[in-house]
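Single-letter residue listing:
There are 2 protein chains.
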Amino acid sequence: MKVVTAIGEMRSCSRGWKSAGRKIAFVPTMGFLHQGHLSLIRAARKAGDVLVVSIFVNPSQFGPSEDLEAYPRDLDRDLEFCREERVDAVFAPPEEEIYPEGFSTWVEETELSRGLCGAARPGHFRGVATVVLKLFNIVSPDLAFFGRKDYQQFKVIEKMVRDLDLPVEVVGLPTVREADGLAMSSRNKNLSVGERRQALCLRRALLRAREMVSEGETRAAAVRQEMEGMIGREPDARIDYLEFADPETLKPRENLRPGDLAAGAVFIDTVRLIDNLLL
Amino acid sequence: MKVVTAIGEMRSCSRGWKSAGRKIAFVPTMGFLHQGHLSLIRAARKAGDVLVVSIFVNPSQFGPSEDLEAYPRDLDRDLEFCREERVDAVFAPPEEEIYPEGFSTWVEETELSRGLCGAARPGHFRGVATVVLKLFNIVSPDLAFFGRKDYQQFKVIEKMVRDLDLPVEVVGLPTVREADGLAMSSRNKNLSVGERRQALCLRRALLRAREMVSEGETRAAAVRQEMEGMIGREPDARIDYLEFADPETLKPRENLRPGDLAAGAVFIDTVRLIDNLLL
Numbered sequence: 227m228k229v230v231t232a233i234g235e236m237r238s239c240s241r242g243w244k245s246a247g248r249k250i251a252f253v254p255t256m257g258f259l260h261q262g263h264l265s266l267i268r269a270a271r272k273a274g275d276v277l278v279v280s281i282f283v284n285p286s287q288f289g290p291s292e293d294l295e296a297y298p299r300d301l302d303r304d305l306e307f308c309r310e311e312r313v314d315a316v317f318a319p320p321e322e323e324i325y326p327e328g329f330s331t332w333v334e335e336t337e338l339s340r341g342l343c344g345a346a347r348p349g350h351f352r353g354v355a356t357v358v359l360k361l362f363n364i365v366s367p368d369l370a371f372f373g374r375k376d377y378q379q380f381k382v383i384e385k386m387v388r389d390l391d392l393p394v395e396v397v398g399l400p401t402v403r404e405a406d407g408l409a410m411s412s413r414n415k416n417l418s419v420g421e422r423r424q425a426l427c428l429r430r431a432l433l434r435a436r437e438m439v440s441e442g443e444t445r446a447a448a449v450r451q452e453m454e455g456m457i458g459r460e461p462d463a464r465i466d467y468l469e470f471a472d473p474e475t476l477k478p479r480e481n482l483r484p485g486d487l488a489a490g491a492v493f494i495d496t497v498r499l500i501d502n503l504l505l
Numbered sequence: 227m228k229v230v231t232a233i234g235e236m237r238s239c240s241r242g243w244k245s246a247g248r249k250i251a252f253v254p255t256m257g258f259l260h261q262g263h264l265s266l267i268r269a270a271r272k273a274g275d276v277l278v279v280s281i282f283v284n285p286s287q288f289g290p291s292e293d294l295e296a297y298p299r300d301l302d303r304d305l306e307f308c309r310e311e312r313v314d315a316v317f318a319p320p321e322e323e324i325y326p327e328g329f330s331t332w333v334e335e336t337e338l339s340r341g342l343c344g345a346a347r348p349g350h351f352r353g354v355a356t357v358v359l360k361l362f363n364i365v366s367p368d369l370a371f372f373g374r375k376d377y378q379q380f381k382v383i384e385k386m387v388r389d390l391d392l393p394v395e396v397v398g399l400p401t402v403r404e405a406d407g408l409a410m411s412s413r414n415k416n417l418s419v420g421e422r423r424q425a426l427c428l429r430r431a432l433l434r435a436r437e438m439v440s441e442g443e444t445r446a447a448a449v450r451q452e453m454e455g456m457i458g459r460e461p462d463a464r465i466d467y468l469e470f471a472d473p474e475t476l477k478p479r480e481n482l483r484p485g486d487l488a489a490g491a492v493f494i495d496t497v498r499l500i501d502n503l504l505l
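Just so you know, the sequences run in chain order A and B. In this text, residue positions in the first sequence follow the numbering used here: the first is 227, and each later residue adds one. In this text, residue positions in the second sequence follow the numbering used here: the first is 227, and each later residue adds one.
This is chain A alone, in the form it adopts within the complex:
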């Protein structure tokens, strides 16, 4: 397994694979890999001839008061995982390789990025779109794999690829969960034992929302109120947002129907967790 830190070297690897007619499958990550990432890596392993994983905690998608510093990192452990999964190359550039001094070009999706996490984290999806476009240009993948836990991110990237005519097929895979249902996230590592117990409140509230809608409830406000009550019972939980939206346009919905997106973000003390499901 190659571990590549320079853009030029990564690009020349990819150029070699391309000219040999090999199909490149790519999994971009921020590292601290968990079972969710492994499900992407395994699907990519099957779909491509060559498998590249990137590990880069992208500073431009974190706001000034967010958890860039606290984001968990363990490159050695990540490389071990990647070796076991027969990854061909890990691209783990230093920050200055991706954002050299004077960097000034940004990619912004302006519709799907507006609500949900985009409203709660201004600039977040600009950072995501920019780094993903850069990684695509460096790695030249035929296929790229993303988790649907970050549903809005997946839709924004899909849209960017379509709008900017990128020659990449974007694949979204289902959220992988702990035994009790908590969505796998690198940030779960930052939960204390007591917080870990409370962290499930968002998943439970989303399941309750689905139940209410399946029983005929259509009023978003009523469902949200019920969810707020459930989450409010946890002492360290603070709702960032709970929204219902069209699963394609991500426009907010006031009248719910089965198939709508329900998505939320909840802080458990300082740890921000997200989850979603289709009602």
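What the hints contain is simulated information worked out from the structure, not anything from laboratory work. It is possible that some hints are incorrect.
Unchecked claim - Okay, derived cross-link-like pairs now, DSS-like style, lysine-lysine, Cα gap no bigger than 30 Å in a straight line:
| # | chain 1 | residue 1 | chain 2 | residue 2 |
| --- | --- | --- | --- | --- |
| 1 | B | Lys244 | A | Lys272 |
| 2 | A | Lys244 | B | Lys249 |
| 3 | B | Lys249 | A | Lys228 |
| 4 | A | Lys228 | A | Lys477 |
| 5 | B | Lys228 | B | Lys415 |
Bear in mind the structure is a predicted one, so any value in this text is a computation, not a measurement.
Chain A is already provided as a structure; the job is to place chain B on it using the hints.
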């Protein structure tokens, strides 16, 4: 010569050339080709194995009160020129192929785009950067050719290519001029005979600025005042901007030195003309 209107067909042409190891040279244009374009096309013909010219009047780089409708067009004449220059493919997509309904992803360079034409035409370089990135993704050129009459555009595209890791070499070529010195521009077509005579005022003022600086003048304000006087003598001329800037950062300069960029935009009645030189 192929004339291609669909993205998919253009992409499959390029893919074929690439896999045959042929080097693609690309000249993106808004059509109504003149000698300036032809100098780009001829340089591209020599530099690459395959030569692609695009013809697309890009609506997203025109402001709401600008001359999108009045921009001159003559596709048949352009195709004739291209045939004579042994162009391999002309990519001339309809607007809805480039900007389908719901298009929502934009590329923006935020530093070099600020002043000069960027200040005078808000959103202009966002439109330029977005369409050029799209065209690069569709055509997959190894080399792309731009005129230095649009000096700021050239620098913005160079910066975008560097920041977004695009695998393209950007080449800038000198401004081609009429016998009397007027910079070639598709918009010159829209000048009446009387306006055509007045149009030279910007070029003359820029040459006078260079003369003043070579004689030791360093005060931008003094040079600008002299230029304003020269342009002000033409009855139909109205200055959009006259600026002096660092030729790399495009930051404004108050104290001039040889090598600085002098750039201006002047309306001759409704026709906006630009020109620049290094002092």
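(message) Between the alpha carbons of B:Lys228 and B:Lys415, is the straight-line distance 30 Å or under?
(response) Distance of about 27 Å is within 30 Å: holds.
(message) For A:Lys228 and A:Lys477, compute the direct alpha-carbon distance and say whether it is at most 30 Å.
(response) violated, 42 Å
(request) Would you mind confirming whether the straight-line C-alpha gap from B:Lys249 to A:Lys228 stays at or under 30 Å? (result) Satisfied, since the Cα-Cα distance of roughly 29 Å is no more than 30 Å.
(message) Tell me if the straight-line CA distance from A:Lys244 to B:Lys249 falls inside 30 Å.
(response) Answer holds: A:Lys244 to B:Lys249 is near 15 Å, not above 30 Å.
(request) Would you mind confirming whether the straight-line C-alpha gap from B:Lys244 to A:Lys272 stays at or under 30 Å? (result) holds, 26 Å
Checked against the numbered hints given earlier, this structure breaks only hint 4.
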